Amino acid sequence: MNNLAIMKGRTRALLTDFGSLAIIILAVFVCVYIARYDGKEAEKSIRIKVVNEDAGGLGEELIELLFEENYEFEVVSRDMAVHEVAVNRAQGMIEIAPDFTEKLRRGDYRSLVKVTVMADSYDMTYFTEIVINDIVKVWTEALIEGKLNGIEGFDEAGLDKFRAMADEVWKGDSLLSIETITVSEEEKPEEITYYGIRWYAVFTMFYLIISGTWMCGYASSGLLRRVIGRGGRISTLYIVQMLPGLIVTVIGFVPVLLSSNHPAAGKVFVAFVLYACGTAALSLVICSLSGRFVNLILSATVVTMAASLFAGLVCDIPDWAAIWGKVSGFLPGHWYFSAVSGKPFLIGAVIVLAVWFGVGLFTSWMLGVKRGRE
Amino acid sequence: MKKYGKYAVLENVSLSLNPGEGIALLGENGSGKSTLLKILSGILAPDAGEVRIDGLSGKQAKEKIAYVPQDIVLFEELTVTENLYAWSSLRGRENTDRAEYLISELQMESFCKKRIDRLSGGQRRRVNLAAALMGNYSYMMLDEPLAGIDEQGLKCVAKLLKDEKEKGTAMIITEHNPTILLPLMDRTLRFDGGCLV
Amino acid sequence: MKLLSFIRYDIKRLFGHGKTALLAVLAPIPVVLMFGLFLAPVLKDGEGAFINGALCNEDDSLMLSAMMDMVVDYEVEKGNAVITSVSDVETGKNMVEEGKAAVLLHVPAGTYQNAMNGDKAVMKFYYAPSHAFDALTFQSGIASSISVFGQGIRVINVAGNAAGMSEEEFTRLRNDSVSELIGVYLHRGEIIGKNGVFLLGGDYHLRYALAILFAACAFFASFPVLYLTCLDKTGVLAKRSVPAGKMTRWFFARILSGTLLILCTFAVMYPMARALRQVKMSNVLAVLPGMVLTALTFSALGVFIGSLFRNEQPALWTGLYFGAASFAGVAFLSDKAGLPKVVSFLMRISPFRASVSIFSNAMFNLMIERYAEDMLVLLTAFILFLTAGFFAYRKRGVLYE
Numbered sequence: 001m002n003n004l005a006i007m008k009g010r011t012r013a014l015l016t017d018f019g020s021l022a023i024i025i026l027a028v029f030v031c032v033y034i035a036r037y038d039g040k041e042a043e044k045s046i047r048i049k050v051v052n053e054d055a056g057g058l059g060e061e062l063i064e065l066l067f068e069e070n071y072e073f074e075v076v077s078r079d080m081a082v083h084e085v086a087v088n089r090a091q092g093m094i095e096i097a098p099d100f101t102e103k104l105r106r107g108d109y110r111s112l113v114k115v116t117v118m119a120d121s122y123d124m125t126y127f128t129e130i131v132i133n134d135i136v137k138v139w140t141e142a143l144i145e146g147k148l149n150g151i152e153g154f155d156e157a158g159l160d161k162f163r164a165m166a167d168e169v170w171k172g173d174s175l176l177s178i179e180t181i182t183v184s185e186e187e188k189p190e191e192i193t194y195y196g197i198r199w200y201a202v203f204t205m206f207y208l209i210i211s212g213t214w215m216c217g218y219a220s221s222g223l224l225r226r227v228i229g230r231g232g233r234i235s236t237l238y239i240v241q242m243l244p245g246l247i248v249t250v251i252g253f254v255p256v257l258l259s260s261n262h263p264a265a266g267k268v269f270v271a272f273v274l275y276a277c278g279t280a281a282l283s284l285v286i287c288s289l290s291g292r293f294v295n296l297i298l299s300a301t302v303v304t305m306a307a308s309l310f311a312g313l314v315c316d317i318p319d320w321a322a323i324w325g326k327v328s329g330f331l332p333g334h335w336y337f338s339a340v341s342g343k344p345f346l347i348g349a350v351i352v353l354a355v356w357f358g359v360g361l362f363t364s365w366m367l368g369v370k371r372g373r374e
Numbered sequence: 001m002k003k004y005g006k007y008a009v010l011e012n013v014s015l016s017l018n019p020g021e022g023i024a025l026l027g028e029n030g031s032g033k034s035t036l037l038k039i040l041s042g043i044l045a046p047d048a049g050e051v052r053i054d055g056l057s058g059k060q061a062k063e064k065i066a067y068v069p070q071d072i073v074l075f076e077e078l079t080v081t082e083n084l085y086a087w088s089s090l091r092g093r094e095n096t097d098r099a100e101y102l103i104s105e106l107q108m109e110s111f112c113k114k115r116i117d118r119l120s121g122g123q124r125r126r127v128n129l130a131a132a133l134m135g136n137y138s139y140m141m142l143d144e145p146l147a148g149i150d151e152q153g154l155k156c157v158a159k160l161l162k163d164e165k166e167k168g169t170a171m172i173i174t175e176h177n178p179t180i181l182l183p184l185m186d187r188t189l190r191f192d193g194g195c196l197v
Numbered sequence: 001m002k003l004l005s006f007i008r009y010d011i012k013r014l015f016g017h018g019k020t021a022l023l024a025v026l027a028p029i030p031v032v033l034m035f036g037l038f039l040a041p042v043l044k045d046g047e048g049a050f051i052n053g054a055l056c057n058e059d060d061s062l063m064l065s066a067m068m069d070m071v072v073d074y075e076v077e078k079g080n081a082v083i084t085s086v087s088d089v090e091t092g093k094n095m096v097e098e099g100k101a102a103v104l105l106h107v108p109a110g111t112y113q114n115a116m117n118g119d120k121a122v123m124k125f126y127y128a129p130s131h132a133f134d135a136l137t138f139q140s141g142i143a144s145s146i147s148v149f150g151q152g153i154r155v156i157n158v159a160g161n162a163a164g165m166s167e168e169e170f171t172r173l174r175n176d177s178v179s180e181l182i183g184v185y186l187h188r189g190e191i192i193g194k195n196g197v198f199l200l201g202g203d204y205h206l207r208y209a210l211a212i213l214f215a216a217c218a219f220f221a222s223f224p225v226l227y228l229t230c231l232d233k234t235g236v237l238a239k240r241s242v243p244a245g246k247m248t249r250w251f252f253a254r255i256l257s258g259t260l261l262i263l264c265t266f267a268v269m270y271p272m273a274r275a276l277r278q279v280k281m282s283n284v285l286a287v288l289p290g291m292v293l294t295a296l297t298f299s300a301l302g303v304f305i306g307s308l309f310r311n312e313q314p315a316l317w318t319g320l321y322f323g324a325a326s327f328a329g330v331a332f333l334s335d336k337a338g339l340p341k342v343v344s345f346l347m348r349i350s351p352f353r354a355s356v357s358i359f360s361n362a363m364f365n366l367m368i369e370r371y372a373e374d375m376l377v378l379l380t381a382f383i384l385f386l387t388a389g390f391f392a393y394r395k396r397g398v399l400y401e
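Residue numbers (the working numbering), protein chains in the order written: chain S, 1 to 374; chain U, 1 to 197; chain A, 1 to 401.
Extracted from the complex, chain S is given alone in its bound form (with noise of 0.2 Å):
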């Protein structure tokens, strides 16, 4: 068997197969951008319409409080509020009633304000706590200057003094606060999150299953029976075959890696290559069990997220889903992961390529040994 022959072949495919090369492409593109401004935060602005049906004067009290949060607020009429909501130029509306000053003076809170919210971003979450925080400060105010007129003596030029006052407060700090405390006494991990060399091997392993079509046709057509019967060995033409696609996704890891500032960039690299290694090994079963391009494109999407996930490459694995952390040892991004974090990795990974690499040669073989059959 000519494997330099072999090996070139599989180059060549697989630079000029533009359609699985620009996942790579754009993974360092991406991954890079995000190693580089990991942890930081963008600025964002969710847009939201203000409705001031309010026949008193605390209706614009409210508005300009709400007008110093993290949001795009304007003041609009109820159709231009509901159009631009309906049509996404604006996430929410709020609705301040007619009845808003008139109920406040007299210390009801009931139904002050409709607030219509679309679930259209991760940043609505806090959104209504913080209008509704808004409302109890213009609803405090109301109520301590209408206890204020009832005192007897009581001027103008002291609800000046109390609103100015009053002012100071909500800008200040309250009396009440709650402090966040981890329970560990151990050091805390960095905040860093390596995001962009984690991601990176999540795209890796999207590419190498999504390049491997070559590992499609092999098991159902009479290839492997043929080199096995010229005394070919199996295990060296899968090794020949996956090593270009080996040696693009690594290249590529070079720039994210660099950019990554990672302490122990080495090790990690090393990691790396294992976790590439063993990720094409997994893809060698899912492409023979695949059979056919499309079947690869939804079978791809799917294990790549299923396993990155809970490798923990996409997010941290959470407290409550610790068990699948666990169970993810038999996968190759259980044990890149582990190298990211600073653990222990060499042994695991080493074991979970070669497991790998048997599982996807035994199962090539069997699939192919079955279409013989049929």
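Think of the hints as simulated: they come from the structure by calculation, not from any bench. None of the hints are false.
Away from chain A, derived, C-beta distances all over 10 Å, residues of chain S:
| # | residue |
| --- | --- |
| 1 | L14 |
| 2 | F67 |
| 3 | V76 |
| 4 | W214 |
| 5 | R230 |
| 6 | G348 |
| 7 | A354 |
Only pairs whose alpha carbons sit at most 27 Å apart, straight line, appear in this in silico DSSO-like list of lysine-lysine:
| # | chain 1 | residue 1 | chain 2 | residue 2 |
| --- | --- | --- | --- | --- |
| 8 | A | K246 | U | K62 |
| 9 | U | K114 | A | K19 |
| 10 | U | K62 | U | K162 |
| 11 | U | K6 | A | K239 |
| 12 | A | K12 | A | K395 |
Only a predicted model underlies this, so the values are computations on that prediction, with no experimental measurement involved. Positions of the beta carbon are idealized from the N, C-alpha and C atoms, including for glycine.
Guided by the hints, dock chains U and A onto chain S, whose structure is given.
Showing chains U and A alone in chain S's frame:
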């Protein structure tokens, strides 16, 4: 004439076919036989020249032709019967009688309810032929219709084509091993390098 | 042959690719399960409750204890929380470390009195780093509301300074006002016409993520349609002489069979979504037209893309990249205000965005105007894809040599 890039697959090919006449096209692989049949059937357009069937051209001419492709062109997921119904509808209307006739003539009763992807190569070849013959036509273009068919099947096909010829259907057949069909054919034409010799 | 027969045969063909059809229809199951596992916490002891916490209240004031009891009882009754009272902080911290509680709220002694006296009082919120997601979501909700409550008490205190009243008058004012402030705090939700104390929009991010998953799975379910269309165009329909008029019936049959396949995907996803987020049946019925239109649109898009290519691989790649870019745009850009006009416009007319909006909003909280607009966007996209796909589908023959 028909060219692929600079390479002329067909050059100066001119022939006529009379009603009820049979022509066997012979030649080596790549000589242009299949290309000629595709042009005559309207699958391909010539780079120069025209095709006229009974004085008609274009869509009206195509409707008079039953083309049996060299490849197996069937709906793999449907059964034999369903394929015949589907193809007859695509050519005009669903014709159950015609389907039953062809199933009987080509001895496909034993597998007519099976999916195409579960059939052997020879069985598919028979269905491939039958699918093309669903519908109204005056001319048949058959591109290697016998490949992979067993001896019994060959006799059925030959009988079917003979019956068609007797009804007045003209046909052009390309075949590498035309022995069983030669008695049916009135003329033999040989292709060499895209030209009729 | 009637259109119905074409549809029947095409459905058989589409579903006849067993592995492909099964993958398309069943792929959402692991996807939604994973979503449920990672974004909708199901706690071991909480029997599906939103937060499982411990409370250590060392403050002996009746007012504060009563207030905490009312809040806790309400949230427990609503099924949002399971709260365990502990006598000391160490016990509570152990519970958090062992995973028996997600959080511990410690109210130190003298909290209420300090606040009344105008001094700062700090409560402590303990959590395990691995539980940060739900713990900090919960903490953010109560922290902001407690902060405003505390500021309210301070405002009451400064009122005394502003009015220059006597000690007795101030005490009466303060007691009345604090009592009313507690009242409004316990009924915060009623300000906007709802029940509850905090986190009234606490699951918007879950709805949004779920909606994106729904729409993405539906789009991927159109891949068999795309694949089969491409195969047909370069295979059976190209290699046999098929009248163009008859291809029209196949075209519509393909659109409808593809729609059915995608609707099967929805049928698989719905029970799972219901299990996760208690989606009401009446809301689902209300958005049924939206689901049907989404299915039609994605089916038409699949046929259109499949008709454009000579080879199924580039067709599938195009579908994959187009879908990935569209959903990435919806996931990361749809709420941004400062986008270039062209991008903003594309986001507004995107059928993917409209589909996600229908699932994230209409299925939980229907706003007719937004629903109508989203349906209009989907309908327009469907007509466009249908028209373009129709012309692309009928064009064949000489293209392939």
